[in-house]
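The lines below spell out each chain.
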Amino acid sequence: MPLIVAEDLAKTYGKVVAVNGLNLTLNEDSITGLIGPNGAGKTTTIKMILGLLKPDRGNVKVFGQDPWDNTTIRSLIGVVYEKSFFPPHQKTLDYLKRVCRVYGVAESRALEVLGLVNLQEAMDRPIKALSAGMLQKFAIAHALIHKPKLLIADEMTANLDPQARSELLDLILQLHKDEEVTFLLSSHILPELSRVCDSVAIINQGKVWAYGKLNELYEKYAIGIIRISTDNPEALATEIKKLSYIEKLEIDLRGISARVAEGMDEKLYEDAPKLAKKIKAKIFGIETGSASLEELYRLAVRMSERR
Amino acid sequence: MGKGKPFLEIFASALHEDYRFPILEIFAFLYALGTFVFASFGPIMTQQTVSNESMAYNLTASLLGLPLFIFIIFIFKNVAYGLGSDLEKGIIQTYFSYPLKRRGILTAKLLSAIGVALVLFLTIQISALYVLAPDIISPYLGTVLLTYAANLSYPLLVAGIMLLVTLALKRGGLTIVIGIVLYFAMSIISSIAVFVASATNSPLALQIVSVISPNVVLARYYSMPFFNELWTPAFSDVLLHIGTSYTIVVFLFFFGYFYFSKRLGL
Numbered sequence: 286m287p288l289i290v291a292e293d294l295a296k297t298y299g300k301v302v303a304v305n306g307l308n309l310t311l312n313e314d315s316i317t318g319l320i321g322p323n324g325a326g327k328t329t330t331i332k333m334i335l336g337l338l339k340p341d342r343g344n345v346k347v348f349g350q351d352p353w354d355n356t357t358i359r360s361l362i363g364v365v366y367e368k369s370f371f372p373p374h375q376k377t378l379d380y381l382k383r384v385c386r387v388y389g390v391a392e393s394r395a396l397e398v399l400g401l402v403n404l405q406e407a408m409d410r411p412i413k414a415l416s417a418g419m420l421q422k423f424a425i426a427h428a429l430i431h432k433p434k435l436l437i438a439d440e441m442t443a444n445l446d447p448q449a450r451s452e453l454l455d456l457i458l459q460l461h462k463d464e465e466v467t468f469l470l471s472s473h474i475l476p477e478l479s480r481v482c483d484s485v486a487i488i489n490q491g492k493v494w495a496y497g498k499l500n501e502l503y504e505k506y507a508i509g510i511i512r513i514s515t516d517n518p519e520a521l522a523t524e525i526k527k528l529s530y531i532e533k534l535e536i537d538l539r540g541i542s543a544r545v546a547e548g549m550d551e552k553l554y555e556d557a558p559k560l561a562k563k564i565k566a567k568i569f570g571i572e573t574g575s576a577s578l579e580e581l582y583r584l585a586v587r588m589s590e591r592r
Numbered sequence: 057m058g059k060g061k062p063f064l065e066i067f068a069s070a071l072h073e074d075y076r077f078p079i080l081e082i083f084a085f086l087y088a089l090g091t092f093v094f095a096s097f098g099p100i101m102t103q104q105t106v107s108n109e110s111m112a113y114n115l116t117a118s119l120l121g122l123p124l125f126i127f128i129i130f131i132f133k134n135v136a137y138g139l140g141s142d143l144e145k146g147i148i149q150t151y152f153s154y155p156l157k158r159r160g161i162l163t164a165k166l167l168s169a170i171g172v173a174l175v176l177f178l179t180i181q182i183s184a185l186y187v188l189a190p191d192i193i194s195p196y197l198g199t200v201l202l203t204y205a206a207n208l209s210y211p212l213l214v215a216g217i218m219l220l221v222t223l224a225l226k227r228g229g230l231t232i233v234i235g236i237v238l239y240f241a242m243s244i245i246s247s248i249a250v251f252v253a254s255a256t257n258s259p260l261a262l263q264i265v266s267v268i269s270p271n272v273v274l275a276r277y278y279s280m281p282f283f284n285e286l287w288t289p290a291f292s293d294v295l296l297h298i299g300t301s302y303t304i305v306v307f308l309f310f311f312g313y314f315y316f317s318k319r320l321g322l
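Each protein sequence line maps, in turn, to chains A and B. Position in the first sequence counted from 1, then plus 285, gives you this note's numbering. Position in the second sequence counted from 1, then plus 56, gives you this note's numbering.
Be careful, since some hints might not be right.
[Claimed, not checked] Covered, in the sense of this in silico footprint (three residues per stretch, anywhere, with C-beta under 8 Å from a C-beta of chain A), are these stretches of chain B:
#, region
1, 71-77
2, 154-163
3, 177-183
4, 252-259
[Unchecked claim] For the chain A half of the interface with chain B, some residues (derived, Cβ under 8 Å), not all of them:
#, residue
5, Lys339
6, Arg359
7, Ser360
8, Val364
9, Tyr366
10, Ser369
11, Phe370
12, Phe371
13, Arg383
14, Asn500
15, Tyr503
[Stated by the list, open to error] Pairs of lysine to any residue, SDA-like flavour, derived with a Cα cap of 20 Å:
#, chain 1, residue 1, chain 2, residue 2
16, A, Lys346, A, Lys434
17, A, Lys413, A, Trp353
18, B, Lys145, A, Lys533
19, B, Lys318, B, Pro155
20, A, Lys413, B, Pro155
21, A, Lys505, A, Pro518
22, B, Lys61, A, Thr356
23, B, Lys61, A, Asp354
24, B, Lys61, A, Ala522
25, B, Lys318, A, Trp353
26, B, Lys133, B, Leu188
27, A, Lys432, B, His72
28, A, Lys346, B, Pro155
29, B, Lys59, A, Ser360
30, A, Lys413, B, Ile79
31, B, Lys318, A, Ala295
32, A, Lys413, B, Ser292
33, A, Lys339, A, His374
34, B, Lys318, A, Thr356
35, A, Lys368, B, Lys61
36, A, Lys382, A, Met408
37, A, Lys434, B, Lys59
38, B, Lys59, A, Asn355
39, A, Lys376, B, Lys318
40, A, Lys434, A, Met408
What the hints contain is simulated information worked out from the structure, not anything from laboratory work. Note that the Cβ used here is the ideal one computed from N, Cα and C, for glycine as well.
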């Protein structure tokens, strides 16, 4: 059963169109990344899913219900905002115990979730005394108190150091595996998402431009990427760039990475050795490359901007 | 997962923030100090009153000066900073993740911001009246309560306006400025109304002001006849003005609840 179904969602702020005809279906037992540039509409989409904003058009169902002011849904969802705020003068453990009472779970769960995010040493500190990173960990602990079925996080790792980020990603995988928590994660940090997500939705200008299982998307969008390993990448790249069907070309440690127009991969397989011969360069290998999440993201953003 | 108590916990959390040490202690001290200091002058000021009922009114009204002002500051602070800052900083957004209806969250916040401050204020005031003048107060408890009702409606009306401004702006600082300006504007408007009433020889301006601040009509009802050349209100006028005033207050809060529950986007 899909946990989230958003159909033709639209939201504007004055003259600014934040979300414009967005469609998204989030399936149970998945870790889905919501990626897109700043102002793409990610946070607005998440807010509409959480029932914090009403869409101007379209509708959203979470667990089959309208999320606006819906207490049933709130019991099933955990939320981590990019910037989380809590009553500042209360102590961390005391506040989490309060949240346990809000949901009717045993107060021992408060210490348990603090342990999950390695924040036990701060249990007696007032919330206002936590650093940005600690506050983000606290927000994650707070979101896990009631063992939610779905956890929605907007830039969850934004304030965390690399070690804490890595631990958090492990925690996400562990919760997904052991407690079957479904995740919707919005982030700018693509390598992180590619580590944990099994699906991604690429959003730009208020629309989803690519959505699906990560491996399927890689397969779909890898068609146009050819990697060429050579002893003289700069010179060969200059020649290849002149070919009319080359859309994008990059040189990295692995050699040349070229995106070609649809259906033209075989042509580059033919042309590249000829060009190498012309400039007296050696080619060690030509292969169809798999797209990285970053490439996938760039492609989708480019597609959206062309339209 | 058992049955949680989200309302009680959000209320307790709001109390913890609104009345943290030493705010509650300072305000309680100022309430008590203001009440008893003014009470010592109260009976002297009421020597010229014509009836025990008027004396009860004058004694009660004499106690209201500083404590009422402190009460107003208290609820303005709580509405502007308790609710406005919570909206501004995102704490309300956090509360919106709890399994409690939006109206329940607002009720918990307002109960802490206004309800508790009101109970504290009335408890100290009425206790002081019973301690200082039991013979006057006991038989005229209705007059005492009417005096409080008349004097509290305007602060509550401003608090209602502040609630709407807070929800619209989602900010705390500006709201408290608007509240204070509105409160002091009323003093100026009352003075202008008296002037207009005298100049035009018509009580209309006073009657209009009494809808917003029914203490004006109550003061005229209980004060000496020579103050009432322009307008000598009957008791039904007093009830009408107080009732109308509270109707406006209820409407403002109702509108605030409606907006918070149905429209407020965060």
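Hint by hint, here is what the structure shows:
no., hint, in the structure
1, 71-77, "holds (count 3)"
2, 154-163, "holds (count 5)"
3, 177-183, "violated (count 0)"
4, 252-259, "violated (count 0)"
5, Lys339, "6 Å, holds"
6, Arg359, "5 Å, holds"
7, Ser360, "5 Å, holds"
8, Val364, "5 Å, holds"
9, Tyr366, "7 Å, holds"
10, Ser369, "7 Å, holds"
11, Phe370, "4 Å, holds"
12, Phe371, "6 Å, holds"
13, Arg383, "5 Å, holds"
14, Asn500, "33 Å, violated"
15, Tyr503, "34 Å, violated"
16, A:Lys346 <-> A:Lys434, "15 Å, holds"
17, A:Lys413 <-> A:Trp353, "30 Å, violated"
18, B:Lys145 <-> A:Lys533, "44 Å, violated"
19, B:Lys318 <-> B:Pro155, "16 Å, holds"
20, A:Lys413 <-> B:Pro155, "24 Å, violated"
21, A:Lys505 <-> A:Pro518, "27 Å, violated"
22, B:Lys61 <-> A:Thr356, "13 Å, holds"
23, B:Lys61 <-> A:Asp354, "17 Å, holds"
24, B:Lys61 <-> A:Ala522, "66 Å, violated"
25, B:Lys318 <-> A:Trp353, "9 Å, holds"
26, B:Lys133 <-> B:Leu188, "30 Å, violated"
27, A:Lys432 <-> B:His72, "26 Å, violated"
28, A:Lys346 <-> B:Pro155, "17 Å, holds"
29, B:Lys59 <-> A:Ser360, "11 Å, holds"
30, A:Lys413 <-> B:Ile79, "18 Å, holds"
31, B:Lys318 <-> A:Ala295, "18 Å, holds"
32, A:Lys413 <-> B:Ser292, "53 Å, violated"
33, A:Lys339 <-> A:His374, "32 Å, violated"
34, B:Lys318 <-> A:Thr356, "14 Å, holds"
35, A:Lys368 <-> B:Lys61, "26 Å, violated"
36, A:Lys382 <-> A:Met408, "11 Å, holds"
37, A:Lys434 <-> B:Lys59, "18 Å, holds"
38, B:Lys59 <-> A:Asn355, "16 Å, holds"
39, A:Lys376 <-> B:Lys318, "33 Å, violated"
40, A:Lys434 <-> A:Met408, "26 Å, violated"
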